[in-house]
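Turn these sequences into a full structure, and let the hints steer you where they fit.
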Amino acid sequence: MKLITAIIKPFKLEEVRAALTDLGFQGMTVTEVKGYGRQKGHTEIYRGAEYAVNFLPKIKIEVVVSDGDADKAADAIAGAAKTGQIGDGKIFVSSIEHTVRIRTGETDDNAL
Amino acid sequence: MKLITAIIKPFKLEEVRAALTDLGFQGMTVTEVKGYGRQKGHTEIYRGAEYAVNFLPKIKIEVVVSDGDADKAADAIAGAAKTGQIGDGKIFVSSIEHTVRIRTGETDDNAL
Amino acid sequence: MKLITAIIKPFKLEEVRAALTDLGFQGMTVTEVKGYGRQKGHTEIYRGAEYAVNFLPKIKIEVVVSDGDADKAADAIAGAAKTGQIGDGKIFVSSIEHTVRIRTGETDDNAL
Amino acid sequence: MSRALTRLGVPAAGALLALGTFALPAFAAAPVPAKGDTAFMFTATVLVLLMTIPGLALFYGGLVRSKNMLSVLMQVFAITCMMSIIWVVYGYSLAFTGGGSLNDWVGGLDKAFLRGVTPESTVATFSNGVVVPEYLYIAFQMTFACITPALIVGAFAERVKFGALMLFVILWATFIYFPMAHMVWYWAGPDAIGDAAKKVAEASGDAKKAAEVALAAVQADAGMLFKWGALDFAGGTVVHINAGIAGLVGALVIGRRVGYRREQMAPHSLTMTMIGAALLWVGWFGFNAGSNLEANGTAALAMMNTFVATAAAALAWMLAEWLEKGKPSLLGLVSGAIAGLVAVTPASGFAGPMGSIVLGLVSGVICFIACTGVKNALGYDDSLDVFGVHGVGGIVGAIGTAIVAAPAFGGTGILDYVAKPGEAVAGAYDIMGQLATQSKAVVVTLILSGVGSFIIFKVVDVIVGLRPEEQAEREGLDLTQHGERAYNS
Amino acid sequence: MSRALTRLGVPAAGALLALGTFALPAFAAAPVPAKGDTAFMFTATVLVLLMTIPGLALFYGGLVRSKNMLSVLMQVFAITCMMSIIWVVYGYSLAFTGGGSLNDWVGGLDKAFLRGVTPESTVATFSNGVVVPEYLYIAFQMTFACITPALIVGAFAERVKFGALMLFVILWATFIYFPMAHMVWYWAGPDAIGDAAKKVAEASGDAKKAAEVALAAVQADAGMLFKWGALDFAGGTVVHINAGIAGLVGALVIGRRVGYRREQMAPHSLTMTMIGAALLWVGWFGFNAGSNLEANGTAALAMMNTFVATAAAALAWMLAEWLEKGKPSLLGLVSGAIAGLVAVTPASGFAGPMGSIVLGLVSGVICFIACTGVKNALGYDDSLDVFGVHGVGGIVGAIGTAIVAAPAFGGTGILDYVAKPGEAVAGAYDIMGQLATQSKAVVVTLILSGVGSFIIFKVVDVIVGLRPEEQAEREGLDLTQHGERAYNS
Amino acid sequence: MSRALTRLGVPAAGALLALGTFALPAFAAAPVPAKGDTAFMFTATVLVLLMTIPGLALFYGGLVRSKNMLSVLMQVFAITCMMSIIWVVYGYSLAFTGGGSLNDWVGGLDKAFLRGVTPESTVATFSNGVVVPEYLYIAFQMTFACITPALIVGAFAERVKFGALMLFVILWATFIYFPMAHMVWYWAGPDAIGDAAKKVAEASGDAKKAAEVALAAVQADAGMLFKWGALDFAGGTVVHINAGIAGLVGALVIGRRVGYRREQMAPHSLTMTMIGAALLWVGWFGFNAGSNLEANGTAALAMMNTFVATAAAALAWMLAEWLEKGKPSLLGLVSGAIAGLVAVTPASGFAGPMGSIVLGLVSGVICFIACTGVKNALGYDDSLDVFGVHGVGGIVGAIGTAIVAAPAFGGTGILDYVAKPGEAVAGAYDIMGQLATQSKAVVVTLILSGVGSFIIFKVVDVIVGLRPEEQAEREGLDLTQHGERAYNS
Ligand SMILES: Nc1ncnc2c1ncn2[C@@H]1O[C@H](COP(=O)(O)OP(=O)(O)O)[C@@H](O)[C@H]1O
Ligand SMILES: Nc1ncnc2c1ncn2[C@@H]1O[C@H](COP(=O)(O)OP(=O)(O)O)[C@@H](O)[C@H]1O
Ligand SMILES: Nc1ncnc2c1ncn2[C@@H]1O[C@H](COP(=O)(O)OP(=O)(O)O)[C@@H](O)[C@H]1O
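Chains as they are written, first to last, in the numbering used here: chain A, 1 to 112; chain B, 1 to 112; chain C, 1 to 112; chain D, 1 to 489; chain E, 1 to 489; chain F, 1 to 489.
Don't read these hints as lab results, they were simulated from the structure. It is possible that some hints are incorrect.
Claimed, not checked - The list that follows gives simulated cross-link-like pairs (lysine to aspartate or glutamate, EDC-like), each with its CA atoms no further than 16 Å apart:
#1 Lys327/D with Glu106/B
#2 Lys325/E with Glu50/C
#3 Lys34/A with Glu32/B
#4 Lys34/B with Glu14/A
#5 Lys34/C with Asp108/C
#6 Lys34/A with Glu106/C
#7 Lys34/B with Glu475/E
#8 Lys40/A with Glu475/D
#9 Lys34/A with Glu14/C
#10 Lys34/C with Glu32/A
#11 Lys327/F with Glu32/A
#12 Lys325/D with Glu50/B
#13 Lys34/C with Glu62/B
#14 Lys34/C with Asp430/F
#15 Lys34/B with Asp71/C
#16 Lys34/B with Asp108/A
#17 Lys34/A with Glu62/C
#18 Lys82/A with Glu50/C
#19 Lys82/C with Glu106/B
#20 Lys34/B with Glu32/A
#21 Lys325/F with Glu50/A
#22 Lys34/A with Asp104/D
#23 Lys34/C with Glu14/B
#24 Lys82/B with Glu106/A
#25 Lys72/C with Asp22/C
#26 Lys40/B with Glu475/E
#27 Lys375/F with Glu50/A
#28 Lys40/C with Asp430/F
Claimed, not checked - If you anchor each label on the Cβ, the simulated ranges turn out as follows:
#29 Glu469/F with Ala18/B: 29 to 35 Å
#30 Ala472/F with Pro57/A: 26 to 32 Å
#31 Lys420/F with Trp105/D: 43 to 49 Å
#32 Val53/C with Gly105/A: 45 to 51 Å
#33 Lys420/F with Ala428/D: 50 to 56 Å
#34 Phe409/F with Val374/D: 54 to 60 Å
Don't be surprised by glycine CBs; every beta carbon is placed ideally from N, CA and C.
Here it is, written out as structure tokens:
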């Protein structure tokens, strides 16, 4: 199985979820993260104290899919998350060796 | 080494931690996440505006263990996190190639 | 490519970010997490109800680098995050098979 | 005999008016203020400020997304500051002095910069021979001038430029609010009328003729809606309908929020909204009872009405939602409370408690329908339901006042300051006539404020642009307009 | 000579009572209200509402987990709304009119729907010849009727169905609160007694006999606990012990929260709890000083006592915790403050400041023990320590009042309205006797409210079920009962 | 003729002083309090407590990082508790009784434990023949004693041990605050002066001589700064400059926060800061208008000034920031509001509204510069800008008062209680002289409080240590000092 990790802009979450669901991916896990990259942050000033805020709010989506579905899933995410503007984010694919569905004990592809 | 990533119901965290600690696993990292899966969300209504909330609060536990301990750890988590109800979550196992303990510089199994 | 995951003390984030940026790593993703390990927690008391708080606030940094840069990055993080006190955290290295930059569609090393 | 009081003054019954040419100053010299009244009006003034900051700011702020929290707090707070300066510079004078040939519509500049006001100056109340310190009256009315434009911002929250809003508020206050306040609230006061009426009673022959002319002049020295006999105890037209329609127009001119109905826009902190609603309720006692200007039984009645109408409306909205959506929500409950407060505002010194409960129940249900059904059907984006609550609730209250004020329905009726000069006695009450008058006042307010606000919004849009870039709106107004975030760790 | 005032009226000393058959109306016609008193009672009423919303709502809300925040806010807010409607419909009448043959226990329905009350109606205070507008008195007492049931909800927070709670509150108010208020607070007033006593003094022979009978009847026209001579300046029994025991019973009937003592149930926002505690303190001046009904030196004394007893109790709890647990906590400090406020409530107009400080210190330490040691030992789950603070603090205060009210300990003693008809003078004070009376009042309250509440909880449980499903409780009442979440982003 | 009132009393003009040896008690027996004044002072007292808790606590708390939130709330709340106990034990006596040979500097212990105070006791106001209940005056002044040390904690927030702070506050109150209050506010009162002056007027020959000596003695029975004729209507020197300089000294003695200028220390909740600022404004009406002690036109003037100066300063800071940093921020706006409140405090009863607006504008800009430019240039870590706002704003206000109080600039001037015995009439006003007096008062306050605070900080540091371990500071004071966290889920 493959773990697709995508860092996207927060307001794109709903579209990405819909795209994945449309393809039949029924599970995913989402984390609020902060990202640093080419997209530059901003400065905040609080009564004279200036803070450069380098990290921007992003959403991390993790979805584990069977090996064969990896490209399809990655493409769907890329398509839905793209605005063409800097800071759209990244997709990383890595391997998962073993999966368990806690409720039933099913494993691997059956557990997705 | 193996990274065991488990998505569980939030109120099961304490039991899972205890189960792992009992087996001698002394370290883990926990993240508040939101999950989407077979367990369905709910609808919230704010003055006439209805929102379907698809993501449910979950806890992600990450624990890196030596290769030999992976099954033991996964089983312990699965056992402690199970309620038998939909939405109990998943366990994913993947490989870690290298580990460092920042404080001492120890590496790999010694660093766990 | 390699994914370097580091769990560090929150107040070290800025130094770690600077260290990585100095080496030319232009992207990273940061998550607020809670850690359990050798560093012990504390007890909180609310009107007679005592709670042992086992998890401590930590920061998780994820940075994906090309294979050749992995050691350099890990060393930089380790150097910047070290206080020598218990609870400094861990660095885990794993493999990433594929990377996409959503904005441009560039892949792998070009996408970092 | 049921005590009665006209807030908007001279009963519609024209029979009470006579003709004459003698004019008295608006605030005739009068006995010294009672310390009890001074203490009371001090409290009332403080309470109305509390309604606005932090009350209204939190009520609204809790309902937006956290990225826009500060923008809302800042808009309300800055408007309060700006309006209070404008008020003492020329607003009070435009609202509460005679306006010469324009007197029907607006006052003059005699008291610009509070010229001539001293700690000894006093103003009339609604009882003969009772006055309060003018500084206190100015401060009390100032809080009304602060909260009214602040109410508007909820309608287009999360999508307006701060500078543009400030400019809008200055223009709106000058061209809409001060004139409206003058039209509804300016009059010569009970002693001026009483003195003139006394002269009529004492004179005979030609002197009587002259005295009658003088009395008529005194009575004519009032704003237009006041002269119509529109009842508005504490500001249903001037404050709520006025702000509600301005908000709706603003929401339409500015357009919907980016992502409206596609993205989640759930309130970021209903806790704050609840605090705000509670403080609005608490402070509204100052607003309504304070509008009596005197610490007496009518003030107590206004307090009682403000209490039970609010409670009834809150429960009505909650129950309507429970039936309709299956669950009673806190946001519904507190929205209902505000709807009730709005509706009872014009009626608070005229209704009896049972009439107020009915008014509350009705306004709770109608505003619920306006904010859920109607708004969704029409599809406009009044972010925080300024029109649905203040506009609609204000209209329900203004019309309903004609009914609940009727002595036949437990109300106090209206006062006649002429029949027994120097004393206010119950005047004749005509429900149908009053209904017509109230409706007319509502329509005038809707048109004046609606059209006026539209023009002002357009003007501001041309000059500085009302709306931020889409990208900035996405990022949130806190960062892009103010360079801050509401919450850090 | 130390000034004194009986809140619960006729001194226990029977010697002050004579016999007679002549009855006066409960609120005899009296001079017009002083504007200063009206202004004062207006402020006091507003303050007590502020105590409840947002005060109490936040104090409680901050202590629950965020998934139950709205449920608590909603319970407190909705109870406030519901009680105020019930109050004007029949509650005020049941509490504050004569009850005929049931007069010892409860009033009648003469003033249901506030029949006959007008802006001119007045009610007696505790001084001869001093009255306040009846609407204001009704509103002031209404706020007490609102907060008392709201206090109860803390005991079983996070695990009760909203509808069931509302039903409980209606029944509890009707069968427990209104009767208790009548028993403790209903009396004929100083002028009625003064007038009757004057007749006794002026008459002679048979006429004197008749006048004495009449005086006794006037004195007998009071609630049961009032007649016993129980001292309760602002509601220690009626409000705090009453709510405290009802809460404990509720917590026991409903059972412990899912996960109690196994899962973390730390307060989700002590910031909110602190705001709530501060507003409770601020508002409590209205509660205690306002209970004097008159803006005079005794009101000032009540304010002073409310200030220092609270401060002392807060410090006492903080220091006790510091010693016992090693750290002084904010939650301890503010819990102590509430304990002090509760304890000083019955004593606030009777004690001297030094007595109040002692009372505060004692209540702070005892409530600390009750909420930490005792509760843990017994293992019941009174979620927010309603019994530990309001029940226990109320008992400490009620008993302690007997001591600190004593002139010997710097208290004001009690008033005698008969000795010098038309004037209130210091009565004889018997500490041991008063201790017995106070204890009796406490026991009666505990039994009446304890048993009554138990029956009502059981009835409600049978009809609609008190507790939500375990799954719903886990998910949180906000979502499952109200379809909302307190915080979004 | 413009009405005038000296808060700090006897005009500097020595001509008004005569010589004599006859001394009257500080608070001469006087007519009974007006209920309106009692109601007013009750409200004012409640408002000042509201300023402190939750107002100041939230204003400060919102500005720290969330890990230190509770520590700030707790410091403010605990100081309030502790000061109120100390106040009744000996503080009030030290401040407001005659001090014998030390009378220039500090009072005595005659009223320790409030000995001799009863509900009937009264104190003088600033009008002849007008008194308020002494308990109320004590309570009102108590709130000032509570808030002043609480203001200080902002300067070294996030880095002080709780126990050390408490110890500091006890010492500081005793050796700095009570004496300062005595020096600035203690005097014999208008009736004492009026009576003595009347005797001078009535007597002749040798008797006149004696009477003049007596009058001089009465006038001499006052604190040192009062006798200089320093104007301070509501506490600019005693409260704000005093706390501001103490804070600065504390920030310097304790040193900068760990990570200062390297780590992010952004406010954790500007929402809380805004609530706090709003409550400070709302409550400040009690502070300033209440300092008039009487519900009259001057109180209304003080309210008006407090309103517009604040608004002007808020706008001034906002605009200055907008120009300088490119964006108007909420924190800037509310900081300006506080700066305006501070600056208008000494002037509030003397200035006219237009003078107050100017004072507000000036203080807004100067405090903006102090908090952003100057602080950054000097590099000290006054965490929440106690000196920049209260110290600097207080100085601007104190000096500015000399100008805006001048009748020539629309001010009320000062009162002369001697010219027309038994009545307060306008005294001669000398701007340059007053400027000198005000400056002298500022310098004395800065030196006394600066040096005194330094010594006390050092003493406390030696005894218990002011600062927690670096590790504990990093973890946050909430956990390490209080064993709690402000927010859980
Ligand atoms: N090497 C990396 N490792 C981990 N996360 C990265 C890396 N590079 C970028 N990211 C994540 O992707 C986000 C977007 O990257 P950025 O360089 O700003 O824009 P773009 O995706 O358009 O190139 C960053 O905010 C960060 O969260
Ligand atoms: N394919 C997946 N990839 C990543 N996370 C998943 C995936 N499927 C499920 N999850 C996570 O597991 C949680 C539980 O899954 P769900 O389908 O609701 O129930 P169950 O675990 O009982 O099958 C989800 O909320 C989500 O966080
Ligand atoms: N085996 C593990 N798997 C995942 N995270 C771990 C593991 N061990 C430690 N960690 C993370 O590293 C943090 C620091 O570990 P700890 O044992 O407290 O100190 P040290 O790093 O000094 O050995 C922990 O709080 C936890 O977040």
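*Given pair status - Asp430/F, Lys34/C, alpha carbons within 16 Å*: Violated, at about 67 Å.
*asked:* Hint check: Lys375/F vs Glu50/A, CA-CA at most 16 Å. Holds or violated?
replied: holds (13 Å)
*asked:* Need the status of pair Lys34/B, Glu32/A: alpha-carbon distance at most 16 Å?
replied: holds (9 Å)
*For the pair supplied as a hint, Lys34/C and Glu62/B, confirm whether the alpha-carbon distance does not exceed 16 Å.*
Measuring from Cα to Cα gives roughly 10 Å; hence the hint holds.
_Pair hint Lys327/F and Glu32/A, alpha-carbon separation not exceeding 16 Å_ = violated (28 Å)
_Straight-line alpha-carbon gap Lys325/E to Glu50/C, limit 16 Å_ = Roughly 10 Å between the alpha carbons, so the hint for Lys325/E and Glu50/C holds.
*Assess, step by step, whether the Cα of Lys34/A is no farther than 16 Å from the Cα of Glu14/C, and give holds or violated.*
Holds. Lys34/A to Glu14/C sits at ~13 Å (cutoff 16 Å).
_Proposed proximity, Glu50/B with Lys325/D (alpha carbon, max 16 Å)_ = holds (10 Å)
*Are the Cα atoms of Lys34/A and Glu32/B separated by 16 Å or less?*
Given that 16 Å is the threshold and the Cα spacing comes to 14 Å, the pair holds.
*Would you say the C-beta atoms of Lys420/F and Ala428/D sit inside 50 to 56 Å of each other?*
At roughly 52 Å between Cβ atoms, Ala428/D and Lys420/F fall inside 50 to 56 Å, so the hint holds.
*Taken at face value, is the distance from the CA of Glu475/D to the CA of Lys40/A at most 16 Å?*
holds (13 Å)
_Cβ separation of Lys420/F and Trp105/D, checked against the hinted range 43 to 49 Å_ = holds (47 Å)
Going through the hint list in order, the structure does not satisfy hints 1, 5, 6, 11, 14, 15, 16, 18, 22, 28, 32.
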